[in-house]
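Listed here are the chains, written in short residue letters.
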Amino acid sequence: MTAGCGLRPRPHRVVGRRRLAGDVVSLELEPLEGEPLAFRAGQFNMLTAFGVGEVAISISSAPGEGSTLHHTVRDVGAVSHALTASRVGSLVGVRGAFGTDWGVDALEAEDVVVVAGGIGLAPLRGAIEQLVSSRTRRRRREGAPEAPHPGEHHPPREAREHHSTQPRPPHLHLSVLVGARRPDQLIFEDDLERWREAGAEVEVTVDLATPGWEGGVGVVTALVPRITACEPDRSVAFVCGPELMMRFSARALLDWGMDPERIFVSLERNMQCGCGICGHCQLGPLLLCRDGPVVRYDRTVASLLQERER
Amino acid sequence: MGASSPWKAQHIAGAPNDTAPARTDAADATVLDVEGLVTLLEVLARRGYRVLGPRVRDGAIVHGELSSVADLPRGWHDAQSPGSYRIEHTDDEAFFAWAVGPSSPKREVFPARSVAWRGRVSEGEVAFEDGDAASEQRPTALVGARPCEAAALGVLDRVLGDRGAGDPHFLKRREGAFLVVVECATPSGTCFCDSMGTGPAAGNGFDLALTELAGDGGGHRFLARAGSEIGAEVLSCLPGRPADEADRAARTALLERARTSMGRVLDTAGLPALLARNVEHPRFDEVAERCLACGNCTLVCPTCFCSTVEDASDVAGVLERRRSWSSCFDLAHSYLHGGPVRASTMSRYRQWMTHKLSTWWDQFETSGCVGCGRCITWCPVGIDITEEAAAIRRSDGARRGRRGGR
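So the sequences go chain by chain: A and B.
Here the first sequence is numbered in my numbering, starting from 1 and rising by one per residue.
Here the second sequence is numbered in my numbering, starting from 1 and rising by one per residue.
Just so you know, the hints here were simulated from the structure itself, not pulled from any lab data.
Backbone N, C-alpha and C fix where the C-beta goes; we use that ideal spot for every residue, glycine too.
Do not take every clue at face value.
Computed beta-carbon distance windows for the label pairs [to be verified]:
hint, chain 1, residue 1, chain 2, residue 2, range
1, A, T300, B, D33, 50 to 58 Å
2, B, D130, A, R18, 33 to 41 Å
3, B, G401, A, G218, 49 to 57 Å
4, B, F128, A, E108, 38 to 46 Å
Here chain A is said to cover these stretches of chain B; the calculated rule only asks that three of the stretch's residues, wherever they fall, bring their Cβ under 8 Å from a Cβ of chain A [unchecked claim]:
hint, segment
5, 118-132
6, 287-293
7, 342-348
8, 359-373
Here are some, though not all, of the chain B residues that point toward chain A, as calculated from beta-carbon distances under 10 Å [unchecked claim]:
hint, residue
9, H169
10, V279
11, F305
12, S313
13, R321
Could you build all of it, start to finish, from the sequences and the hints given here?
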């Protein structure tokens with residue numbers, strides 16, 4: 001399911017805007033007319049700042065999570081600047097959804113490890129949201145005995161009082177490992193807390209701690225061997241972040257015992273159409289807007305990420 | 001026309017190769033004389049086409065509007081070699097005794113610059129107007145395209161046409177067009193269509209195919225074959241006679257001469273895999289020493305399809321989304337926040353060459369190269385893709401040192 005090459009964007013209205021970090025803004029979009037755009041977690045849209053230009057931005061809401069579309073944009077260029085500066089009520093053009101998705105709908109009982117670096121959490125958020133809500137529902141329906149909370153093996157560094165007072169959440173077999181450069185660059189912090197409360201194992205680390213930070217310090221890959229909620233031979237992994245971080249994360253997941261076929265990464269290249277006609281997202285044999293952004297970390301992809309300047 | 005055009009059939013069925021098998025024989029050809037060619041142009045114009053064809057302009061044979069056969073490059077020949085293109089006039093009576101010029105039919109179905117849409121944002125809504133393609137009322141008839149160029153259009157059908165779901169502007173321009181291919185009698189010093197299986201005979205992807213015969217004692221004439229219903233309809237309007245054995249033998253001899261006079265050869269055996277396993281070959285560093293990264297090869301290539309999208313607005317508030325050809329040799333092509341992914345000339349040449357001959361297969365199940373030789377001729381320093389591929393084949397498995405490219 002990927003949209004065709006209709007070259008005109010559908011006008012959407014900005015109905016919500018939230019600054020998540022210094023240069024990261026989350027926009028909530030509603031179509032001026034017609035049905036909300038259909039998509040799957042991991043896909044992206046081409047967003048138009050009218051009069052400025054169009055860029056590829058991942059969707060950070062989950063399918064079925066309300067009637068609006070969430071896009072989380074980092075201010076790095078002219079178009080992303082205009083998007084992050086747009087106000088509630090203004091118009092943004094949307095074309096999509098494009099590309100491959102995380103395949104959450106096809107998952108059954110697999111454990112899921114999510115590794116996110118920086119704004120790499122944005123294209124993963126919808127998948128996590130979908131897993132948390134569907135697995136919570138399933139656990140409730142099945143009335144399954146609650147599995148040991150991941151925290152029992154590996155207590156979160158931030159002690160949380162409510163853990164002792166509230167009933168234990170269901171075990172979701174979901175580990176979310178999040179890394180950021182600095183604490184003030186962490187995004188979706190309230191979501192992280194909510195997922196943790198719902199029974200996901202959520203671990204957060206920063207490269208550089210600042211005063212007041214009580215969490216972990218270090219690279220996100222160091223969290224992989226300490227996963228307790230998932231077993232390597234039962235897991236699939238979703239990884240998104242800077243390319244170097246994805247390479248090292250994939251290596252850590254392999255060392256942890258995962259099969260490369262079950263590791264998925266979301267790659268990024270210059271994209272000017274989203275639908276396979278502009279040619280900018282070439283990556284070796286892949287036309288990334290069409291064959292990606294989510295690709296299996298197989299031998300081809302591993303070598304593409306290792307060769308210089310591919 | 002629509003349904004009966006072979007072009008349309010191609011992108012609905014998926015590809016040049018999965019329509020009817022290529023027919024290169026001329027069993028039921030019609031013979032036209034020069035008067036027949038004159039009538040052909042008239043019939044096309046009468047049917048409402050904007051008739052384009054080869055003309056001499058600025059020292060080259062390029063496509064332009066044709067008002068009559070007098071506009072065709074009669075008597076002109078071209079001489080091409082790496083980095084060199086010259087035309088010269090002789091008293092030859094042939095209209096099509098040259099190979100290919102710098103312009104290809106690509107620009108008729110995918111213009112170098114176009115407007116995707118215009119719009120105006122006001123009072124909380126966006127009013128869109130059509131882009132260029134929708135306002136082009138007259139379909140194009142292109143006379144004198146080469147078999148390699150028909151093959152290149154088939155490649156673009158796969159890339160931009162995406163089996164009918166691709167670029168809507170490309171599809172509109174493509175569907176309405178009428179293609180008259182003229183088989184190649186005089187390949188140039190940089191031609192290698194025979195290696196790529198795209199010429200010198202016309203296989204498919206045309207409405208009409210002509211073979212120009214002269215100097216064999218049978219008079220100046222054209223063997224004409226229809227490749228589509230509309231092509232047959234047009235052919236039936238032209239004064240001609242059925243081809244006889246002598247006509248067919250003259251065509252066979254002409255094509256055989258053309259086949260053996262290709263200026264270049266490209267060994268395609270296992271080529272996609274050869275390049276895929278040699279991305280770290282030192283030859284890429286060597287070619288980067290010569291390559292100027294000017295992008296000429298991508299501009300003259302009949303299959304290069306990259307485009308850049310830019311938005312503009314004027315003081316009256318009218319927005320425009322513009323598309324223009326772009327090149328993988330341009331630093332901006334691979335720009336990602338922070339800088340280009342392919343900064344070195346080595347990596348940009350490697351991207352272009354391995355895409356054409358190897359990864360194009362992965363992406364579109366066809367070669368990205370049709371063997372027209374333009375990239376060799378129009379390279380200011382004469383880099384020859386066939387020679388680069390051969391050099392890599394000669395030292396298959398060699399690896400670049402750690403020093404990296406530039």
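Here is how each hint holds up against the structure:
no., hint, verdict
1, T300/A x D33/B: 50 to 58 Å, "57 Å, holds"
2, D130/B x R18/A: 33 to 41 Å, "37 Å, holds"
3, G401/B x G218/A: 49 to 57 Å, "35 Å, violated"
4, F128/B x E108/A: 38 to 46 Å, "44 Å, holds"
5, 118-132, "holds (count 7)"
6, 287-293, "violated (count 0)"
7, 342-348, "holds (count 5)"
8, 359-373, "holds (count 3)"
9, H169, "7 Å, holds"
10, V279, "6 Å, holds"
11, F305, "6 Å, holds"
12, S313, "4 Å, holds"
13, R321, "7 Å, holds"
Checked against the numbered hints given earlier, the structure breaks hints 3 and 6 and satisfies all the rest.
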